[in-house]
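Q: Could you put together the complete structure from these sequences and hints?
Here the protein sequences line up with chains A and B, keeping their order. Heads up: the first sequence runs through residues 1 to 315, numbered per the numbering used here. Heads up: the second sequence runs through residues 1001 to 1249, numbered per the numbering used here.
Hints listed in this document are in silico derivations from the structure and should not be mistaken for laboratory results. Here the structure is a predicted model, which is why all the values come from computation and not from measurement. Backbone N, C-alpha and C define an ideal beta-carbon position, used for all residues, glycine too. Treat the hints with care, as some may be off.
Chain A residues, not near chain B, derived (Cβ > 10 Å throughout) [stated by the list, open to error]:
hint: 1; residue: VAL23
hint: 2; residue: PRO77
hint: 3; residue: VAL82
hint: 4; residue: LEU120
hint: 5; residue: ARG147
hint: 6; residue: LEU171
hint: 7; residue: ARG198
hint: 8; residue: ILE202
hint: 9; residue: LEU272
hint: 10; residue: VAL282
Pair by pair, the computed Cβ-Cβ distance ranges are [claimed, not checked]:
hint: 11; chain 1: A; residue 1: VAL282; chain 2: B; residue 2: GLN1087; range: 49 to 57 Å
hint: 12; chain 1: B; residue 1: ARG1123; chain 2: A; residue 2: ARG208; range: 25 to 33 Å
hint: 13; chain 1: B; residue 1: GLU1030; chain 2: A; residue 2: ILE106; range: 22 to 30 Å
hint: 14; chain 1: B; residue 1: GLU1239; chain 2: A; residue 2: VAL59; range: 51 to 59 Å
hint: 15; chain 1: B; residue 1: GLN1087; chain 2: A; residue 2: THR243; range: 41 to 49 Å
hint: 16; chain 1: A; residue 1: VAL23; chain 2: B; residue 2: ARG1123; range: 44 to 52 Å
hint: 17; chain 1: A; residue 1: VAL282; chain 2: B; residue 2: ASP1073; range: 51 to 59 Å
hint: 18; chain 1: A; residue 1: HIS178; chain 2: B; residue 2: ALA1197; range: 53 to 61 Å
hint: 19; chain 1: B; residue 1: PHE1113; chain 2: A; residue 2: THR243; range: 48 to 56 Å
hint: 20; chain 1: A; residue 1: GLY112; chain 2: B; residue 2: PHE1113; range: 25 to 33 Å
hint: 21; chain 1: B; residue 1: HIS1151; chain 2: A; residue 2: LEU272; range: 43 to 51 Å
hint: 22; chain 1: B; residue 1: ASP1073; chain 2: A; residue 2: ILE286; range: 43 to 51 Å
hint: 23; chain 1: B; residue 1: ASP1068; chain 2: A; residue 2: VAL113; range: 34 to 42 Å
hint: 24; chain 1: B; residue 1: GLN1087; chain 2: A; residue 2: ALA15; range: 46 to 54 Å
Residues from chain A that face chain B, not an exhaustive set, calculated with beta carbons under 10 Å [claimed, not checked]:
hint: 25; residue: GLY138
hint: 26; residue: ALA183
hint: 27; residue: GLY186
hint: 28; residue: VAL188
hint: 29; residue: SER194
hint: 30; residue: MET216
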Amino acid sequence: MASRVRAVTAVAGAAALAAVPVVAAALQEPFYLDLVRRVMIFAIAAVSLDLILGYGGMVSFGHAAYLGIGAYAVAVPALHGVHSGWLQWPLAMGVSALAALVIGAISLRTSGVYFIMITLAFAQMLYYLGISIEAWGGDDGMRLARRSRFGGPVDLADPYVFYYVVLALLLAVLALGHRVIHARFGMVVRAARSNEARARAIGFSPFRYRLAAFVMAGAVCGLAGALLANQTEYVTPGFMHWTRSGDIMVMVILGGMGTFVGPVAGAVAFLLLENVLSAWTVHWQIILGPLLILVVLYARRGLWGAVSGGSLGRG
Amino acid sequence: MADPLLEVRGLRKRFGGLVATDDVDLDAGEGETLAVIGPNGAGKTTLIAQLSGDLRPDAGVIRFAGEDVTRLDAPARSARGLARSFQITSVFRDFPALDNVALAVQAHAGHSFRFWRPAGADRALREPARLVLEQVGLGMRADVVAGVLAHGEQRQLEIAMALATRPRLLLLDEPMAGMGAEESQQMIRLLGTLKRAHTIVLVEHDMDAVFALADRIAVMVYGRVIAVGSPETIRASAEVRRAYLGEAS
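A: Here it is, written out as structure tokens:
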């Protein structure tokens, strides 16, 4: 039953996202197109974090690092006149994956608070690295001269095309994530979160599976970073700031850890709240904070868990 | 005579001033059920943890099937056929019973870097898991989430997970702990059938279970093995009675 409710809600959500450009065009409010596209980009980042945080129990507090790496992997080639998305986007994922491999290989030897602190420290190192590189604009970052070029009908300069590219990637990430989580690989990662001693006793060495999940999450978040660079047409070290890592984590927790649609719902809720409330007061997080506390206290499975009912971690 | 399946020599583990395992020698032959008994704090669980690879001994050698496994970690020992159950029930609480066992099967079915096929529909994992669940008497409870199983059922599930790894040696740490009389009898019956096909090292407080199941008994007190012998010898030994059996009865 609960799974049917979830499936219907998920399909309805996808349909609603697909309809946004049509509605925005009809209302002549292109701003909404921009907003929802931004929401979906952060949803991809949040889904990638949920893979390790929700399913793997790895509380990475430095996930924005990959957002930044992905963004720079678009902006830096563009600075040197290379605008091909076929090069930029795989580069974003590749470099993010490599960074995640190094960060994960070191951080995953720790656990608990130490893991949180080490992942945070790595992300802050990259943040300050970004600030220190003057050729890439240092503190100010740099403008993106033009969006990634793919050729043919895929022209990201067209806001509608760009929107559907992001939507397609979000759906692809969700579909792939769903496969991975329910495959043997995902079972090991989830089992190691559920009970590590037991997982080791039956013969699993969780480290390499966790590391692989960590790298996958980094690569996907790198892709989100490439999208974000195209979205803002601007790249700054601020993409990697620890508050940004916190934002992504809040999206996951708000929406529902260890669920598929949860991080998407969390990204929607977070960015819409930011948008609506920040028009009203710059201290909009005064509202967000108590809301987050309520969710953590009364809806452990987040907004999505509260809507769809049932315990999703098992599914 | 062939070498014993499990051979422990000079095993020693110290926690600060406490010597939890003090120069322990122990053998378990192929097909044998060896019970380790002793009062609380005698170091039985510490011994099991060193045999399973969860704890590194300070000194001594553990040989399993002729191989020195002292330096191997728990997953590596599991791969060689050592399976353990825990004194405090340890299952994947948020997974159904069948998934718990299927995971144990999976751990011994090659690497798990498989990202596409759903494990929940993988007959190579589900079928053997279902058989093992039936073997321990949980066939009807396969789809129940492990965390909501009754205590006795969770203990059975632990045995099932150990069995699903196709072990050569079962290390059972107080499988009867916290069980009622009826559940205990059921567990004794289950272990009685398992002992025909498996080598077992059993740590247990329940003396009925120990004398019903053990081929040999080792008595531990303050980290030392003070006596090893047949159930009859142990029952008759004055030293053992003084150290342990007397205060238990």
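Q: Next, verify each hint and record whether it holds.
A: Now for the hints, and whether the structure bears them out:
| no. | hint | in the structure |
| --- | --- | --- |
| 1 | VAL23 | 36 Å, holds |
| 2 | PRO77 | 29 Å, holds |
| 3 | VAL82 | 31 Å, holds |
| 4 | LEU120 | 28 Å, holds |
| 5 | ARG147 | 31 Å, holds |
| 6 | LEU171 | 17 Å, holds |
| 7 | ARG198 | 5 Å, violated |
| 8 | ILE202 | 4 Å, violated |
| 9 | LEU272 | 31 Å, holds |
| 10 | VAL282 | 41 Å, holds |
| 11 | VAL282/A - GLN1087/B: 49 to 57 Å | 56 Å, holds |
| 12 | ARG1123/B - ARG208/A: 25 to 33 Å | 26 Å, holds |
| 13 | GLU1030/B - ILE106/A: 22 to 30 Å | 44 Å, violated |
| 14 | GLU1239/B - VAL59/A: 51 to 59 Å | 53 Å, holds |
| 15 | GLN1087/B - THR243/A: 41 to 49 Å | 45 Å, holds |
| 16 | VAL23/A - ARG1123/B: 44 to 52 Å | 46 Å, holds |
| 17 | VAL282/A - ASP1073/B: 51 to 59 Å | 53 Å, holds |
| 18 | HIS178/A - ALA1197/B: 53 to 61 Å | 40 Å, violated |
| 19 | PHE1113/B - THR243/A: 48 to 56 Å | 35 Å, violated |
| 20 | GLY112/A - PHE1113/B: 25 to 33 Å | 26 Å, holds |
| 21 | HIS1151/B - LEU272/A: 43 to 51 Å | 46 Å, holds |
| 22 | ASP1073/B - ILE286/A: 43 to 51 Å | 49 Å, holds |
| 23 | ASP1068/B - VAL113/A: 34 to 42 Å | 37 Å, holds |
| 24 | GLN1087/B - ALA15/A: 46 to 54 Å | 52 Å, holds |
| 25 | GLY138 | 40 Å, violated |
| 26 | ALA183 | 5 Å, holds |
| 27 | GLY186 | 8 Å, holds |
| 28 | VAL188 | 5 Å, holds |
| 29 | SER194 | 4 Å, holds |
| 30 | MET216 | 9 Å, holds |
Comparing the model with each numbered hint stated earlier shows that hints 7, 8, 13, 18, 19, 25 do not hold.
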